[in-house]
Amino acid sequence: MINGVLHPKNVVAQLVELGVSHYVTLPDSETAHMYEALMAEPSITMVPVSREGEAIPVAAGLFVAGQNPVVSIQNAGLYEAGDALRGLALGIGLPLVMFIGYRGHNRMGDTADTAAKYLEPFLHMWRVDYFVIESDDDLDRVPIAFERAAKTNQPFAVAIGTEYAKESPSGTESEGE
Amino acid sequence: MITYADACRVLNESRGEAVAVTTMTQTKYWNQISKEPDLDIGIANGMSKASSVALGLALGDPERSVLCLDADGSLLMNFGSLATIAGMAPKNLYHFVFNNGIYSVTGGQPLPTAGVEYAKAAEACGYASTHRFEDVESLDSALPEILRSPGPVLIEIIVKGEPQAEGVDQTWESNAKMPLQLRALRKRLTGNDDWGPGGPFI
Chain A
18 MINGVLHPKN
28 VVAQLVELGV
38 SHYVTLPDSE
48 TAHMYEALMA
58 EPSITMVPVS
68 REGEAIPVAA
78 GLFVAGQNPV
88 VSIQNAGLYE
98 AGDALRGLAL
108 GIGLPLVMFI
118 GYRGHNRMGD
128 TADTAAKYLE
138 PFLHMWRVDY
148 FVIESDDDLD
158 RVPIAFERAA
168 KTNQPFAVAI
178 GTEYAKESPS
188 GTESEGE
Chain B
581 MITYADACRV
591 LNESRGEAVA
601 VTTMTQTKYW
611 NQISKEPDLD
621 IGIANGMSKA
631 SSVALGLALG
641 DPERSVLCLD
651 ADGSLLMNFG
661 SLATIAGMAP
671 KNLYHFVFNN
681 GIYSVTGGQP
691 LPTAGVEYAK
701 AAEACGYAST
711 HRFEDVESLD
721 SALPEILRSP
731 GPVLIEIIVK
741 GEPQAEGVDQ
751 TWESNAKMPL
761 QLRALRKRLT
771 GNDDWGPGGP
781 FI
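Just so you know, the protein sequences line up as chains A and B, in that order. For the first sequence, the numbering used here assigns the number 18 to the initial residue and increments by one for each residue that follows. For the second sequence, the numbering used here assigns the number 581 to the initial residue and increments by one for each residue that follows.
Bound conformation, chain A alone (with noise of 0.2 Å):
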């Protein structure tokens, strides 16, 4: 693994020997590199939705029939999942790690971007748990999400805090862009 960046490669290695089936997701400009790098995978299943409020509900769904998927949203959108956050997955129990795109998010806590700005206090309003995730070198953390998900009985929220690196055609890393 590189230091310094995260590379989607990585994550989607993670979430394969975590044995996820799903990945319930609406694209955002964090996490624009991870799709590519899960359209490359064929052990998980994209589920594009066509708004963030969707992808709680779904992932329900699919957690009922026995499957184990993740949602993938931005910051923004997380906000307007409130509903469906509150009813279908902290009101019944789901055990689901949600990956949020923390946008506008800096290691300073200095930011114009009100997305960045409401994040940590509106996890902490719905009393969720989260990691923030900036580089390969958290990404020990992730396991550590699933297992706490698993074990409360609750979502737990994996903030992903930097963009996600491009990964190359012959396979050698480049920075984010």
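Errors might be hidden in some of the hints.
Ranges between beta-carbon positions, derived for each pair [what the hints assert, rightly or not]:
| hint | chain 1 | residue 1 | chain 2 | residue 2 | range |
| --- | --- | --- | --- | --- | --- |
| 1 | A | Pro59 | B | Asp618 | 25 to 35 Å |
| 2 | B | Gly695 | A | Pro59 | 53 to 63 Å |
| 3 | B | Gly706 | A | Val33 | 26 to 36 Å |
| 4 | A | Pro59 | B | Pro743 | 45 to 55 Å |
| 5 | A | Asp130 | B | Ala704 | 48 to 58 Å |
| 6 | A | Met63 | B | Leu760 | 49 to 59 Å |
| 7 | B | Gly695 | A | Gly36 | 42 to 52 Å |
| 8 | A | Tyr96 | B | Thr693 | 22 to 32 Å |
| 9 | B | Gly776 | A | Asp155 | 23 to 33 Å |
| 10 | B | Ala694 | A | Glu53 | 21 to 31 Å |
| 11 | B | Asp618 | A | Arg124 | 43 to 53 Å |
| 12 | A | Ala57 | B | Pro642 | 21 to 31 Å |
Everything labelled a hint here was simulated from the structure, so no lab data went into it. Every residue gets a Cβ at the ideal spot worked out from N, C-alpha and C, and that includes glycine.
Since the structure of chain A is already known, use the hints to place chain B on it.
Structure of chain B alone, referenced to chain A:
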């Protein structure tokens, strides 16, 4: 125009071992007649999301039919799900939309606009087929063949509105029932009783 009771009766007679995802007034009637309660989910605490939960179930268990008894007001609130469902194209999903033009459970207020044709909307999004029924005899005779056809299928049913005069049927108890129903359904579909307690109700 069809009554809720007749529509639910006809659907129940043809369901076989399909999963049934209901919402709003349909849940009340369905619960009175269903003989497979562990294959039922009444979406009581997930505003407008019956179609999305049904999509997840259909994708997760592609060998079993899934019936979604949706409502017009609910679908308007989650209209993008028509495109999402069409995109994933589950062959086992049958999406019924009970069209009465009003918000029944809140007392009968009209929808933002009258005359939305949900079958046409679904057709435009790319559903495999769509149907629209205004009398129960036509619905009854066509339903077995519809349920043998590949999904996703949208079946619009024009129903007589039943505005509730004394508040909603949805209560704390109905909200608390949904997590239990979901666990029973997962047990039925997977054979595993492995989803423990979580959330405010259990």
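| query | Which of the stated hints cannot be reconciled with the structure, identified by number in ascending sequence? | reply | 2, 5, 6 and 10
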